[in-house]
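Residue 34 is where the sequence shown starts when you use this note's numbering, and the numbers rise one by one after that.
Hints in this document: simulated from the structure, not taken from any laboratory.
Some clues are possibly wrong.
Unchecked claim - Below, computed lysine-lysine pairings styled on DSS-like, alpha-carbon distance capped at 30 Å:
(1) 155 with 264
(2) 226 with 267
(3) 198 with 276
(4) 198 with 155
(5) 276 with 264
(6) 167 with 276
(7) 167 with 226
(8) 167 with 198
(9) 65 with 198
(10) 43 with 92
(11) 226 with 276
(12) 43 with 65
(13) 71 with 92
(14) 43 with 167
(15) 264 with 198
(16) 43 with 71
(17) 226 with 198
(18) 267 with 155
(19) 267 with 198
As the list claims (entries may be wrong) - Pairwise CB distance ranges (calculated):
(20) 243 with 142: 20 to 30 Å
(21) 261 with 147: 18 to 28 Å
(22) 198 with 236: 21 to 31 Å
(23) 161 with 277: 21 to 31 Å
(24) 63 with 172: 43 to 53 Å
(25) 158 with 292: 49 to 59 Å
(26) 150 with 267: 18 to 28 Å
For clarity, every value in this text was computed on a predicted model and none was experimentally measured.
Backbone N, C-alpha and C fix where the C-beta goes; we use that ideal spot for every residue, glycine too.
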Amino acid sequence: MQEGLTPCDKVVNVPQTFIVGDSTWTPESTDKPEWIGKTVTLKWGLTKSSNNISAYLMKQFGPYAMADMAHRLGITSYLDPVVSLCLGPADLTLFEMVGAYNTFPSRGVNVDPTFVLRIEDKAGNVLGSFTGRKREAISEQTAFLMVNLMQGVVNEGTAARLRYKYVPEGPIAGKTGTTNDQADGWFIGYVPKLTAGVWVGAEDRQVHFEGLTNGGGANMALPIWGLFMQKVLKDPSCGISVKDQFVMPSGFSAQLNCNGSDDELESNSMVNDPFFH
């Protein structure tokens, strides 16, 4: 998005092959067979967690650009600039991920997460207050485009059950994540005034689920996030409401409604999701 792409830009959904040393590597995808070869939007690719589209973007920009962008968003861990980075193989902490995702609802400004905001004595006098360092990571327009992309994930993609079962109202954006062999399940989500994340896994990655039915990020991590957000919305002291809105930048002109842009592909993932039957 920072390089001028928009959610409705179209690509052909096909496997991508990379030359790695003396061999080749083609990322596997869980896309349905009928999706392969279709013209789809970038928004569709993120909504469906299509590895083909992620690999396509890696081919366009390369691993060094991807690693650089991650660091600009607040990732501090070392990222090996290899093509597989497009599928998220790096070992990152939940702390880093939540901080990076928070850049999007913060209009492109990355804020260092801070555990302690202030120190008070027993009389309530503030002895010290602390704020995280702020810096512009991406443009406000790019941040809003990313919010829109991730709203698609919640409204009609891999995180759609969040709407069905946990938080039916109010703007929410986020992304599910699942590592190899379902060893880790992720969901990082945000509303206009709060970003939160959930990781489910074990120190030993040999501990994992057999399949995506129970082991995907949408099944392991998303329900925890949904229950947490339910409690946040019910607690007036949190100051979070379903009426809060993501703010569109002034002069924003990119196309956001991609309806009809994809080749006759289902727009709602709930249709064939056994969770809803």
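Between the alpha carbons of residue 267 and residue 198, is the straight-line distance 30 Å or under? Holds: residue 267 and residue 198 sit about 16 Å apart, inside 30 Å.
Residue 267 and residue 155: Cα distance at most 30 Å? holds (29 Å)
Compare the distance between the alpha carbons of residue 264 and residue 198 with 30 Å, and conclude whether the hinted pair is satisfied. holds (14 Å)
Do the beta carbons of residue 198 and residue 236 sit within 21 to 31 Å of each other? holds (30 Å)
Take a quick look at whether residue 43 and residue 71 sit within 30 Å of each other, Cα to Cα. holds (10 Å)
Is residue 167 close enough to residue 198, meaning Cα to Cα at most 30 Å? At roughly 35 Å apart (the allowed maximum being 30 Å), residue 198 and residue 167 break the hint.
Does residue 43 pair with residue 65 here, judged by a C-alpha cut-off of 30 Å? holds (18 Å)
With respect to the beta-carbon atoms only, verify the hint that residue 261 and residue 147 lie 18 to 28 Å apart. Cβ of residue 261 to Cβ of residue 147: about 20 Å, so the range 18 to 28 Å holds.
Is the Cα-Cα distance between residue 198 and residue 155 30 Å or less? Violated - the C-alpha atoms of residue 155 and residue 198 are around 42 Å apart, more than 30 Å.
Is the hinted pair residue 226 and residue 198 satisfied, with a Cα-Cα distance of at most 30 Å? holds (22 Å)
CA of residue 167 to CA of residue 226, is that 30 Å or under? Roughly 16 Å separates the two Cα atoms, so the pair holds.
Distance restraint between residue 276 and residue 264, which requires alpha-carbon spacing of 30 Å or less: holds (16 Å)
The earlier numbered hints that this structure contradicts are 4, 8, 14, 20 and 24.
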